[in-house]
Amino acid sequence: MSPGRRRRRLAAVFGLGGALVAVCLWILSEPSPLSASAIPAHTPDLRNGETLFRAGVCLACHKPPDGSNANAELPSGGAAFKTPVGVFYPQNLTPDAETGLGGWSALDFVNAMRLGISPAGTHYFPAFPYPSYRSMTTEDLLDLYAWLETLPAVRSPARKADVPLLTVARRGVGLWKRLELRRPTHASDGTRSASWNRGAYLVNAPGHCGECHTPKSWLKVADDRRHMRGGPHPGGEEGTVPDLHGLVARKRYKDAGDLTLALQNGETLGYEDLSSGGMAAIQEQIARLPESDVRAMSEYLLSLE
Amino acid sequence: MKVTSHAVSFAVLAAFFFGTTSVAMLASDPPAAPDPAKARHDAMEAVGSAMKSLAAIAKKEAPFDAAAVEKNAGAMAENLEKASKLFVAGTGGGESRAKPEIWSDAAAFEKAMADGIAAAKALQAVKDEAAFMPAFQAVGGSCKGCHDKYRAPRK
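Keeping their order, the protein sequence lines are chains A and B.
Counting from 1 along the first sequence, just add 162 to a position and that's the residue number in the working numbering.
So in the working numbering, spot 83 of the second sequence is number 68, and the numbers just go up one at a time.
Hints are supplied without guarantee of correctness; some may be wrong.
[As the list claims (entries may be wrong)] Quick list of the computed label-pair ranges, beta carbon to beta carbon:
#: 1; chain 1: A; residue 1: R317; chain 2: B; residue 2: S34; range: 24 to 34 angstroms
#: 2; chain 1: A; residue 1: L196; chain 2: B; residue 2: S34; range: 49 to 59 angstroms
#: 3; chain 1: A; residue 1: P246; chain 2: B; residue 2: A92; range: 25 to 35 angstroms
#: 4; chain 1: A; residue 1: V249; chain 2: B; residue 2: V73; range: 43 to 53 angstroms
#: 5; chain 1: A; residue 1: T205; chain 2: B; residue 2: D27; range: 52 to 62 angstroms
#: 6; chain 1: A; residue 1: V249; chain 2: B; residue 2: K96; range: 58 to 68 angstroms
#: 7; chain 1: A; residue 1: R387; chain 2: B; residue 2: K140; range: 15 to 25 angstroms
#: 8; chain 1: A; residue 1: G283; chain 2: B; residue 2: E66; range: 57 to 67 angstroms
Keep in mind the hints are simulated off the structure, nothing from the lab.
Don't be surprised by glycine CBs; every beta carbon is placed ideally from N, CA and C.
Kindly generate the complete structure, drawing on both the sequences and the hints.
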């Protein structure tokens, strides 16, 4: 064989191999949403919906931009959410037909929260914390959806994320999901009290505390062996996210009553650790939960030793 | 005679050493060590410790005591004033939790600091228990607003 022919043959083999890999990656990154049969008949509990909205601290990210004249109490979205990957502009969660959830079905909402798939069938970047939300019960998701639908509609058009190679990167999220969404979902612990389990659910599923407090592996998958162990700030901010283990042993809080007061009042009662790195906005939403839920969260958190 | 001359030379030597070392010590004594980051950190720690005593009253762990409130809120105002003069441009980074917004948004930061001082002074003037809680929460809210924007998490 002449060197020219050999080179051409090599190129053909590599070209074919590359195409094969591309096809595999394309198939592996394919979004596969749930079908309508995944949605049970359910009478929504609106109060529970609002509780989940507060526990999920949705407003902290889905707020209007600073300085806009939109009502800051409504999750009309648009405020910049900066990450090392790029800047995202979270979705309008009010029921506006064109720009909000008005045109969504309950199935669309469940697909977004559980699988990170948009109504258009594309992947959401995990700046939207569906790896945690997927542990929420379907009934809770439907209650939250129903409550959001009762809010006044605000017009707030979506703004495209500012991420390099957006379309390719978005499809690539499908590959990452193959690892991240294979992690076990949050499960209750039969040996613990009902209130401990309530707290664990609120913290790990809607509360998505682990999105910042649990460090990630080099593949950006949450490292369950270091659950709530703290680490670098995922937003690329200065300083670290604290370890939530041994909060009593390390004299951060005296007991569950003390942590409950801290979560309800934050620094207005002198709890200064709850005002940095974005915790203030989170604490303000947690403060609006029923006291029993804040206490349950405290009980669970202080059991991490 | 020999003994005395020895004693004299020792005395002279001792005086000489003592003299030079004390002069050297005086000379090495830093004329107001210019480390604003450390000085403001210490001032803010003093604010934090005053806050602890006040928070104990707010949480009803300690009884309301007008004299203690005046003393602690006074210490708070004083140390906040001290700290507010120590945010010298270029002294962020390293150990400091001061965020760059302090300098990029200087006017807003100075106003937030002045509001904090005013809130601490208002708390200092509180004489009765009924007025304590609102004044205390105004101070806490001021700490929170400022920390949220201008202080990075622990490193």
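Results of checking the hints against the structure:
no.	hint	verdict
1	A:R317 <-> B:S34: 24 to 34 angstroms	violated (50 angstroms)
2	A:L196 <-> B:S34: 49 to 59 angstroms	holds (55 angstroms)
3	A:P246 <-> B:A92: 25 to 35 angstroms	holds (30 angstroms)
4	A:V249 <-> B:V73: 43 to 53 angstroms	violated (32 angstroms)
5	A:T205 <-> B:D27: 52 to 62 angstroms	holds (59 angstroms)
6	A:V249 <-> B:K96: 58 to 68 angstroms	violated (28 angstroms)
7	A:R387 <-> B:K140: 15 to 25 angstroms	holds (24 angstroms)
8	A:G283 <-> B:E66: 57 to 67 angstroms	holds (59 angstroms)
Of the numbered hints given earlier, the model fails hints 1, 4, 6; all others are met.
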